[in-house]
Amino acid sequence: MKKLSVLIALVLCVTIGGVYAAWNYSQGTTASVVVSREINMAQVVTNGIKGTITATPENNFAFLVDDIANDTLNSDGTYTDIKYKAVLVGTGDIKINFTANPGADQTTKDNGIKMIATITLSAKDGLKYTDPHTSQDVVPIAVKDGGNSIVLNDTDEDGQPNTTKEATITAQQIVDCLELANVILDTKAENDDFHTALKDYTIVITISEVA
10 MKKLSVLIAL
20 VLCVTIGGVY
30 AAWNYSQGTT
40 ASVVVSREIN
50 MAQVVTNGIK
60 GTITATPENN
70 FAFLVDDIAN
80 DTLNSDGTYT
90 DIKYKAVLVG
100 TGDIKINFTA
110 NPGADQTTKD
120 NGIKMIATIT
130 LSAKDGLKYT
140 DPHTSQDVVP
150 IAVKDGGNSI
160 VLNDTDEDGQ
170 PNTTKEATIT
180 AQQIVDCLEL
190 ANVILDTKAE
200 NDDFHTALKD
210 YTIVITISEV
220 A
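When we follow the numbering used here, the leftmost residue of the sequence shown carries the number 10, and every step to the right adds one.
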């Protein structure tokens, strides 16, 4: 099994405007607060026996921890709007291409290979985050148990990935494989602490040929 790893630094971006809601905190006469962390992406190429796989980020590929309002249904049928709840969202996608090497089987040249993406996380040792409202240590972000794989070209009647030479992984598909801690960040200091806890995490996307 040949693997391609794309290391993607997890971004915590708090910005004013755009498609998503913003983290707005009252800071006296200060009108806004901007906290951002850049993601640097480069094309990754891995050479295998059968061919070459390339992975190219497109359409402003990024991950954001944003303030998305959440409505909670109360027992009396009304809804309570939860503010300052951290939610992980993704934008853009990764384009995957397979090119067969000279000497590969004709079927491989014509149809490509079966591929699957596996999402994992890596982090520096000793990272710790304490929920400010419960005083309990929590894991800021984790991979969902049994839900961290993405088939790159649907599946056949046997549940196996179909062969392909081109595929796309969306950032949202990757987000769906992850779980962000259930935290409310209703002060800027709490936001800064959560930012510090997340910034050393790395999302690892491994593209593998399915045997």
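Bear in mind the hints are in silico, worked out from the structure with no lab data behind them.
Be careful, since some hints might not be right.
Stated by the list, open to error - 25 angstroms max Cα-Cα, derived DSS-like pairs, lysine-lysine: (1) 123 to 59; (2) 208 to 92; (3) 174 to 94; (4) 174 to 118.
To be verified - Quick list of the computed label-pair ranges, beta carbon to beta carbon: (5) 166 to 141: 19 to 27 angstroms; (6) 188 to 141: 32 to 40 angstroms; (7) 116 to 141: 53 to 61 angstroms; (8) 153 to 91: 18 to 26 angstroms; (9) 182 to 133: 21 to 29 angstroms; (10) 169 to 61: 16 to 24 angstroms; (11) 65 to 144: 40 to 48 angstroms; (12) 143 to 201: 14 to 22 angstroms; (13) 84 to 137: 18 to 26 angstroms.
Backbone N, C-alpha and C define an ideal beta-carbon position, used for all residues, glycine too.
Hints and how they fare:
1. A C-alpha spacing of about 12 angstroms is found between residue 123 and residue 59, which places the hinted pair at or below 25 angstroms, so the restraint holds.
2. With a C-alpha separation of about 22 angstroms, the suggested pairing of residue 208 with residue 92 holds against the 25 angstroms cut-off.
3. Distance check on the hinted pair: residue 174 and residue 94 sit about 40 angstroms apart at the alpha-carbon level, beyond 25 angstroms; violated.
4. Restraint check for residue 174 and residue 118: satisfied, since their Cα atoms lie roughly 9 angstroms apart, inside the 25 angstroms limit.
5. For residue 166 paired with residue 141, a C-beta distance near 50 angstroms fails the hint of 19 to 27 angstroms.
6. Distance hint check: the CB atoms of residue 188 and residue 141 are about 19 angstroms apart, inconsistent with the given range 32 to 40 angstroms.
7. A C-beta distance of roughly 57 angstroms is found between residue 116 and residue 141, which places it inside the suggested range of 53 to 61 angstroms.
8. Checked against the given bound of 18 to 26 angstroms, the beta carbons of residue 153 and residue 91, roughly 22 angstroms apart, stay inside it.
9. Checked against the given bound of 21 to 29 angstroms, the beta carbons of residue 182 and residue 133, roughly 26 angstroms apart, stay inside it.
10. Taken as a hint, the range 16 to 24 angstroms holds for the pair residue 169 and residue 61, whose Cβ atoms sit roughly 23 angstroms apart.
11. Our hint of 40 to 48 angstroms for residue 65 and residue 144 holds, since their Cβ atoms are close to 44 angstroms apart.
12. Roughly 18 angstroms separates the CB atoms of residue 143 and residue 201, a value that falls within the hinted 14 to 22 angstroms.
13. Distance hint check: the CB atoms of residue 84 and residue 137 are about 36 angstroms apart, inconsistent with the given range 18 to 26 angstroms.
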